[in-house]
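S.K.: Below, each chain spelled out in residue letters.
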Amino acid sequence: MATGQQKTGAGQAQNQGFVYLPLIVGWLVPGAGHFLLGKWGRGALLAASIVGMFAIGLAMQGQLYGNFKDILEMLGLAGDLGTGLLYVVGRLMGWGTNLVQVTTADWGSRFIVVAGLLNVIAAVDAHNLRTGRKES
Amino acid sequence: MHLSHFAAVVLFALFASVVFGITMRDTPQKMLRYGAYCFVLFVGSAIVLSWVMYFIAR
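First to last, the protein sequences are chains Z and H.
In this text, residue positions in the first sequence follow our numbering: the first is 98, and each later residue adds one.
In this text, residue positions in the second sequence follow our numbering: the first is 97, and each later residue adds one.
With the rest of the complex left out, here is chain Z (with noise of 0.2 Å):
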């Protein structure tokens, strides 16, 4: 009974205060989720993977997408927005604006795209880690 107790005090603490904030400031900046909870080494390798996987896209010339032409352009802009502030930031410097004309530029725009897609992957386990789903 008295665990019980215990238990259920200890997730309302938990869950006290905005609980959506590591996953929001996580989106926006990659790792910034994890390190917002005290997980630095965690935060440190997720941040060098999905900004390492995003340069890297961009080195080898891959496009960010910016339009609505088709559904597969539509998709691509879905996937790039979950890098957050890496996109805004690379669509105000104009990178990424190239046309892809070379294989590797078109493995480029993949590496972008999935480093979005991993980050709202590491965005959501950062509030799961916040509201207790995940234990540690």
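The set of hints was computed from the structure by calculation and includes no laboratory data.
One thing to keep in mind: the hints can contain errors.
[What the hints assert, rightly or not] Taking lysine-lysine and the PhoX-like style, the derived pairs with C-alpha atoms no more than 20 Å apart in a straight line are: (1) H:Lys-126 <-> Z:Lys-231; (2) Z:Lys-166 <-> H:Lys-126; (3) Z:Lys-231 <-> Z:Lys-136.
[As the list claims (entries may be wrong)] Listing some non-contacts, in silico: residues in chain H with all C-beta distances to chain Z over 12 Å: (4) Met-97; (5) Ala-104; (6) Leu-107; (7) Val-114; (8) Val-115; (9) Arg-121; (10) Arg-129; (11) Tyr-133; (12) Val-136; (13) Gly-140; (14) Ser-146.
All C-beta atoms in this analysis are idealised placements derived from N, C-alpha and C, irrespective of residue type, glycine included.
Add chain H to chain Z, keeping to what the hints say.
M.R.: Structure of chain H alone, referenced to chain Z:
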């Protein structure tokens, strides 16, 4: 930046495996094992599929 097919596969597998390992498991040891498992599956399946396509194309 011009990467070979294999280098691109290895980099992709490495980054994706790190994220999968961290997000899909709870303890550091399990994360490491699951990350390594994903990496081997990514690279291994790419090699196997490459050989399959090579023989189909002949």
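S.K.: Each of the hints needs a verdict: does it hold here or not?
M.R.: Evaluated hints:
no., hint, in the structure
1, H:Lys-126 <-> Z:Lys-231, "holds, 14 Å"
2, Z:Lys-166 <-> H:Lys-126, "violated, 43 Å"
3, Z:Lys-231 <-> Z:Lys-136, "holds, 13 Å"
4, Met-97, "violated, 4 Å"
5, Ala-104, "violated, 5 Å"
6, Leu-107, "violated, 6 Å"
7, Val-114, "violated, 4 Å"
8, Val-115, "violated, 4 Å"
9, Arg-121, "violated, 10 Å"
10, Arg-129, "holds, 15 Å"
11, Tyr-133, "holds, 16 Å"
12, Val-136, "holds, 17 Å"
13, Gly-140, "holds, 19 Å"
14, Ser-146, "holds, 15 Å"
The structure fails hints 2, 4, 5, 6, 7, 8 and 9 (numbered hints given earlier, in ascending order).
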